[in-house]
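Visitor: Based on the provided sequences and hints, a complete structural model is requested.
Protein chains: 4
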Amino acid sequence: MFFASDNTSGVHPRILDALVRANDGYPPSYGDDAIMARVRDRLRETFEAPEAAVYLVATGTAANSLILGTLAQPYETIFCTPMSHINEDEANAPEFYTGGAKLTLTGTEDAKMSAATLRKAIEAEGTRGVHGPKRGPVSLTNVTERGTVYDLDELGRIGTVAKEFGLPLHLDGARFGNAVEALGCTAAEMSWKAGVDAVSFGGTKSGCMGVEAVVFFDPARAEEFEFRRKRGGHLFSKHRYLSAQMAAYLEDDLWRSLAAQANAACQRLAQALKQMPDVRFSHDTPANIIFASWPRGLHEKLKAAGAHYHLYSGSETGPEDEMQEARLVTSWSTSEEDVDRFLEVMRH
Amino acid sequence: MFFASDNTSGVHPRILDALVRANDGYPPSYGDDAIMARVRDRLRETFEAPEAAVYLVATGTAANSLILGTLAQPYETIFCTPMSHINEDEANAPEFYTGGAKLTLTGTEDAKMSAATLRKAIEAEGTRGVHGPKRGPVSLTNVTERGTVYDLDELGRIGTVAKEFGLPLHLDGARFGNAVEALGCTAAEMSWKAGVDAVSFGGTKSGCMGVEAVVFFDPARAEEFEFRRKRGGHLFSKHRYLSAQMAAYLEDDLWRSLAAQANAACQRLAQALKQMPDVRFSHDTPANIIFASWPRGLHEKLKAAGAHYHLYSGSETGPEDEMQEARLVTSWSTSEEDVDRFLEVMRH
Amino acid sequence: MFFASDNTSGVHPRILDALVRANDGYPPSYGDDAIMARVRDRLRETFEAPEAAVYLVATGTAANSLILGTLAQPYETIFCTPMSHINEDEANAPEFYTGGAKLTLTGTEDAKMSAATLRKAIEAEGTRGVHGPKRGPVSLTNVTERGTVYDLDELGRIGTVAKEFGLPLHLDGARFGNAVEALGCTAAEMSWKAGVDAVSFGGTKSGCMGVEAVVFFDPARAEEFEFRRKRGGHLFSKHRYLSAQMAAYLEDDLWRSLAAQANAACQRLAQALKQMPDVRFSHDTPANIIFASWPRGLHEKLKAAGAHYHLYSGSETGPEDEMQEARLVTSWSTSEEDVDRFLEVMRH
Amino acid sequence: MFFASDNTSGVHPRILDALVRANDGYPPSYGDDAIMARVRDRLRETFEAPEAAVYLVATGTAANSLILGTLAQPYETIFCTPMSHINEDEANAPEFYTGGAKLTLTGTEDAKMSAATLRKAIEAEGTRGVHGPKRGPVSLTNVTERGTVYDLDELGRIGTVAKEFGLPLHLDGARFGNAVEALGCTAAEMSWKAGVDAVSFGGTKSGCMGVEAVVFFDPARAEEFEFRRKRGGHLFSKHRYLSAQMAAYLEDDLWRSLAAQANAACQRLAQALKQMPDVRFSHDTPANIIFASWPRGLHEKLKAAGAHYHLYSGSETGPEDEMQEARLVTSWSTSEEDVDRFLEVMRH
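Protein chains in written order, with this note's numbering: chain Y, 1 to 348; chain C, 349 to 696; chain S, 697 to 1044; chain V, 1045 to 1392.
Since the hints were made in silico from the structure, they are not lab data.
Using N, Cα and C, we set each Cβ at its ideal position, and we do this for glycine too.
Accuracy of the hints is not assured; some may be wrong.
To be verified - Taking lysine to any residue and the SDA-like style, the derived pairs with C-alpha atoms no more than 20 Å apart in a straight line are:
#, chain 1, residue 1, chain 2, residue 2
1, C, K651, Y, D32
2, V, K1164, C, M431
3, C, K468, V, E1132
4, V, K1164, C, E664
5, S, K970, S, M1019
6, S, K816, Y, P82
7, V, K1164, C, E436
8, Y, K303, C, G373
9, Y, K163, Y, P219
10, C, K651, Y, Y26
11, V, K1347, V, P1330
12, C, K468, C, F513
13, S, K999, V, D1076
14, V, K1347, S, P724
15, Y, K120, S, Y1008
16, V, K1347, S, S725
17, S, K889, S, G862
18, S, K999, V, P1071
19, Y, K163, Y, F217
20, Y, K303, C, G504
21, C, K468, V, S1357
As the list claims (entries may be wrong) - Residues of chain C clear of chain S, computed beta-carbon distances all greater than 10 Å:
#, residue
22, G373
23, Y374
24, A382
25, P398
26, E457
27, H479
28, D501
29, G504
30, E572
31, D600
32, H631
33, A655
34, Y660
35, R689
Unchecked claim - Reference excerpt, derived from the structure (chain V facing chain C, CB under 8 Å, subset only):
#, residue
36, P1118
37, E1132
38, A1135
39, F1140
40, H1175
Guide: Quick look at the structure:
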């Protein structure tokens, strides 16, 4: 019963197989391998963006920070939510890769900024001339860090505000597939068609070993990105092993199937939990993450039965009936059996 | 006939196998996996350093830059050779990770600094008070970027100079195994026993997919390193796949066997080349890299026959008998057949 | 009627005179002048800190950023208020000088953090291991950017929290004298006796031409600060002209007298404004800054009469009786006549 | 007998007077003062560059580093000489302000790069794709740090090479006036007409208290520079005191007269020294700096007589007749009496 994170799951057999097959021969290093040429084509098709500049790195923090380093000047500020991964979970990596840009935190509802809270934050940062930071990129995450999903209207309105102020828009797509599946839309619709300028397209959390694609819809960013990636130590010599993962992940839209599996497991879990009188949901759960609370006693029973997940609130000890908030994350490899066993424990 | 770089070779079967085996289950992320615990023990044994702080990253540039970022202040200068990888081939990554430290280039012979050229460089950088940079770490590479090897006496004398000035000593060990095998010494002798404070212990060039160990002999550096690694985007969520590579690489000293194979292939090649009247060696070749020159006509014949390697000098076109310098690198997977075929082409 | 900022006022005659007197001869550069030796002694006396490391720079942004760069690691976060100068008015200078540290904004009341809001912010930043930033310095401003003043109890409680978590405490003292005069305390009481580790002691806003002292109560910070100051371009070659300003500013506690004059002018203004039915104060005004609102019509009358000050809220145009918030700042050179003329205009 | 540095000299009476006169009233802060408007016009006239973006800062390190930070990307390298101030005497300020760019040192003759040594350095840095740094700005100093002067032909040829490779050209003009006077040319001829893109126009070493002008001939750089200046802590609130210095310095070409005086004192000194059999010149001395050697015994006599200057070589103690190299710098305030007294001591 493993719901701690989608990054504790393994590598999907088709991706592992691709790695083994990539082990033959002596292809050129540093991204000049033939598999990468195919990945480039396939990513451009996936995003319906024939001119896009496309790169691979191995971690999500690298993908996001390198994009922000390319989009932002050091004297600018990046607009994001307080719970965004770039603010909370990257140990100042965005500040590092931008050379010291600031993060301005927007108001949120359900862990999402809105066109209105974004506009308010932007307007507040443009009143002090050279004394304040200059307005820089807008960055959002879909699926959000609380499991909610921006729909295409919400994204489009945010994209419109960013464009109005001439600010680039970055999408942290660590769970890009899960959001696309939740919305039933295309990769293009959830990115450039909504005004996104650059996206990190996550593979690691969804069946890959460690690979994220970086997509700039404006190829003018390409050269700068390449130098910044190398300078960050994120250009792999044996690049074919990143290429092979991504190639298999894209083939026959495996990335969508895996995301759909993860989402389905989450829905099975969520629907059952919603029937339970003791369970209170913090947010809607359209993708593969649940934030919900139930009494401490139940948590203890689950842990004892071998369930793995994180607690987000509450002290170490306390009364049995005290409500504590849990985060449950499903992945491509979450089985119905595990979900049902978890529910079983909760019911008894 | 692939002699372009050891990083065009594949993953050794035992290491690939370890990756496949690591694919089971839901171990904790970010280095808390059980395999990493074993890797820690095994690395400390290998280096006879029970207190060492030990980490894994995926690229050599990350390993070197993160070490230098931890050892150097931004207002300091790092002493290294002009041809060092950190100076020539990391696109300012050391400057980035140190927050803007400088690199002071020492005099060299055979691509090596000596205790004397190091002392001269150090002394020249200590005369301007706060106007110049402060003296910072010394950094050297063994095997050097030209294929030569510092012996233990040379290392020890450099370590003594560094200690005399109170400067930390970093060893870029991208080809650590090849140097140890060339010297017939232990990992400890080539590192802390010679005064080295931190080493990057390379796996990628020698049969791994993408993993380098970082070893600090003083564990006081540990916490800072961990924050810097995360902030650089170099902490892997699915860390078990780095751990698995390194575990297999260390088991039964596979890292030494693979280095020995690469060195042997190089010696076979070098000894035959030395018999050829048209071939001039630029340096001694004790490890797995040869720098040597022969006439353009021969180069053309080799390329036509399918030999892969880099040219280091000479214009695109010119007379047939013009000497051009080649770099040949052997790896764990270089076969005697490939070596012999290469020599065959040269002879006829 | 000049109430726009204390930095629009001129240089006090005694300080200007000191500059003229310093113009003789060929003293050593870069802080080795004899006047600076006296300044060092006098600053240490003023702060009752015989071991303090003491430096001069020319701007407040330089003083604060260099202190924070010395106290904070790039992977740390600095705790400050949302309206602090380092957050709002230094165009990412703290991020620049720390190499990319983050600013964590505390809750505030009357533009002041409290021991409780500080503790809450610190606790929230210590839960994510290497994924979040590490906890770094606490930074506060006295007089605050809204004109309120931390009293010694408030400071002491904040100092206690900082110490409990092992975090250094920085005091932005751009208006240090105004706060000391408002509290009727000593420089030592408002700094190290309350737990402050480093302070910027402002001269520019209070009768100097452009000089701020940096005081580290722990002299171990000295060498690092000196390199960082030079590297920031803030070490003056003709340093004697900084020394001369500070020497005159300290002599016979001129800094206290000038602050007292500015505060007195502010009290005269505030007391009269408080009698006016249309005026609403945003905060208490114990030092030399007033934030207060009155109807747009009155603002227009004042501007027409030649009053200079900043508006902090309200649209360009609107109804005559709409309330708009003004910031009024008095300085050492504000005359009673100017204050009275301003009040006169308001009354009629 | 003060020949240690031009920065030990005082402020010229006309400039000091301008500072006193600027002390009236309450002008706007941060460069919006009326004097600065005049300075802008006058600098544009001086440089015959009506569109130039023009700024003031207080130190030469600030001027150079801010220009380089604006011209260079962090993944680029700056081409300069080994003895350039930005390499030797700014404690990594260029690396800091560029966010970690590298400095590539060119070959030199008489402390000057040539079009040929520059081209060689540029070509060597363009062979490694994203592995090396990208080629960035060219930076030179006129008068050089050894007292030699690039003539207009030399500058023009360097400018042509920079343009050929599309690299911006920076001129460190700490002693701009001395070079212009040595060449008998105009400010425009020594800057944009020779291909220079940005210049720091020094005042501090030549009669000002602490002010340098930054001139970008392409005004598109303006906004970025303004944010970078503020973020570096180099935007002065009481900016009028920088403006006043520069206004007086430019009025009636005072900057040229003061430079001419310094150069004349140097020529008087040099011509007499050249007659002395024991004196060997290291370089030509067309401006206000002499590097020359004479026996230790003579140095001791001079020091005993109260002469101030720096020794550039030689051990602390040694034989009386050992040659030691001195640096002598004259300034606007060097008197003929002082020169003659110095020569007198040497002769007897």
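Visitor: Take the hints in turn and mark each one as holding or not.
Guide: Hints, verified against the model:
1. For the proposed pair K651/C and D32/Y, the alpha carbon gap of about 19 Å is at most 20 Å, so the pair holds.
2. For the hint pairing K1164/V with M431/C, the CA-to-CA distance comes to about 17 Å; that is within 20 Å, so the pair holds.
3. For the hint pairing K468/C with E1132/V, the CA-to-CA distance comes to about 16 Å; that is within 20 Å, so the pair holds.
4. Of the pairs offered as hints, the one joining K1164/V and E664/C holds, with about 18 Å between alpha carbons and a cut-off of 20 Å not exceeded.
5. The suggested pairing of K970/S with M1019/S holds, with an alpha-carbon distance near 15 Å, which does not exceed 20 Å.
6. For the hint pairing K816/S with P82/Y, the CA-to-CA distance comes to about 16 Å; that is within 20 Å, so the pair holds.
7. A C-alpha spacing of about 16 Å is found between K1164/V and E436/C, which places the hinted pair at or below 20 Å, so the restraint holds.
8. Using a Cα cut-off of 20 Å, the hinted pair K303/Y and G373/C holds, with the two alpha carbons roughly 18 Å apart.
9. Proximity of K163/Y to P219/Y is assessed by CA-CA distance (about 18 Å); at most 20 Å being required, the pair is judged to hold.
10. Simply put, K651/C and Y26/Y have alpha-carbon atoms about 15 Å apart, close enough for the 20 Å limit, and the pair holds.
11. A distance of roughly 25 Å separates the Cα atoms of K1347/V and P1330/V; the hinted pair therefore is violated under the 20 Å criterion.
12. Annotation: proposed proximity of K468/C to F513/C holds, straight-line Cα distance about 12 Å (limit 20 Å).
13. At roughly 19 Å between alpha-carbon atoms, K999/S and D1076/V fall within 20 Å of each other, so this suggested pair holds.
14. For the suggested pair K1347/V and P724/S, the alpha carbons sit about 15 Å apart, so the restraint of at most 20 Å is met.
15. Note on K120/Y and Y1008/S: the hinted pairing holds, with a Cα-Cα distance of about 16 Å set against a maximum of 20 Å.
16. Between K1347/V and S725/S the alpha-carbon distance is near 18 Å, which keeps this suggested pair within the 20 Å criterion.
17. Proposed proximity of K889/S and G862/S is supported: the alpha carbons are some 16 Å apart, at most 20 Å.
18. Using a Cα cut-off of 20 Å, the hinted pair K999/S and P1071/V holds, with the two alpha carbons roughly 16 Å apart.
19. About 15 Å separates the Cα atoms of K163/Y and F217/Y, which keeps this hinted pair within 20 Å; it holds.
20. Annotation: proposed proximity of K303/Y to G504/C is violated, straight-line Cα distance about 54 Å (limit 20 Å).
21. Of the pairs offered as hints, the one joining K468/C and S1357/V holds, with about 14 Å between alpha carbons and a cut-off of 20 Å not exceeded.
22. Every CB of chain S is more than 10 Å from the CB of G373/C (nearest about 22 Å), matching its label as outside the interface.
23. The beta carbon of Y374/C is kept farther than 10 Å from every beta carbon of chain S, the shortest such distance being approximately 19 Å.
24. The claim that A382/C is not at the interface with chain S holds, since no C-beta of that chain comes within 10 Å of its own (minimum 19 Å).
25. The beta carbon of P398/C is kept farther than 10 Å from every beta carbon of chain S, the shortest such distance being approximately 24 Å.
26. Against chain S, the non-interface label of E457/C holds: every CB pair exceeds 10 Å, the least being about 32 Å.
27. H479/C, annotated as away from the interface, has a beta carbon of chain S within 10 Å; the closest lies near 6 Å.
28. Look at D501/C: its CB is around 34 Å from the nearest CB on chain S, clear of 10 Å, so calling it non-interface holds up.
29. Non-interface call for G504/C relative to chain S: holds, since the shortest CB-CB distance, roughly 30 Å, exceeds 10 Å.
30. Some Cβ of chain S comes within 10 Å of the Cβ of E572/C; the nearest lies about 7 Å off, and the non-interface call is violated.
31. Residue-level check passed: D600/C sits 32 Å from the nearest beta carbon of chain S, beyond 10 Å.
32. Every CB of chain S is more than 10 Å from the CB of H631/C (nearest about 38 Å), matching its label as outside the interface.
33. Non-interface status of A655/C relative to chain S is upheld: no Cβ of that chain comes within 10 Å, the nearest being about 46 Å off.
34. Listed as outside the interface, Y660/C is consistent with that label: its C-beta sits roughly 36 Å from the nearest C-beta of chain S, beyond the 10 Å cut-off.
35. In this structure R689/C is separated from chain S by more than 10 Å, as the shortest Cβ-Cβ distance comes to about 50 Å.
36. Taking 8 Å as the C-beta cut-off, the interface hint given for P1118/V holds, the closest approach to chain C being about 7 Å.
37. Among the interface hints, the one on E1132/V holds; its C-beta lies about 6 Å from the nearest C-beta in chain C, closer than the 8 Å criterion.
38. Using the Cβ-Cβ criterion of 8 Å, the hint placing A1135/V at the interface with chain C is satisfied: the shortest such distance is roughly 6 Å.
39. With a cut of 8 Å, the hint placing F1140/V at the interface with chain C holds, because the nearest CB-to-CB distance is about 5 Å.
40. For H1175/V, the shortest C-beta to C-beta distance to chain C is roughly 4 Å, which falls under 8 Å, so the interface hint holds.
In summary, the structure is inconsistent with hints 11, 20, 27 and 30 from the numbered list given earlier, while agreeing with the others.
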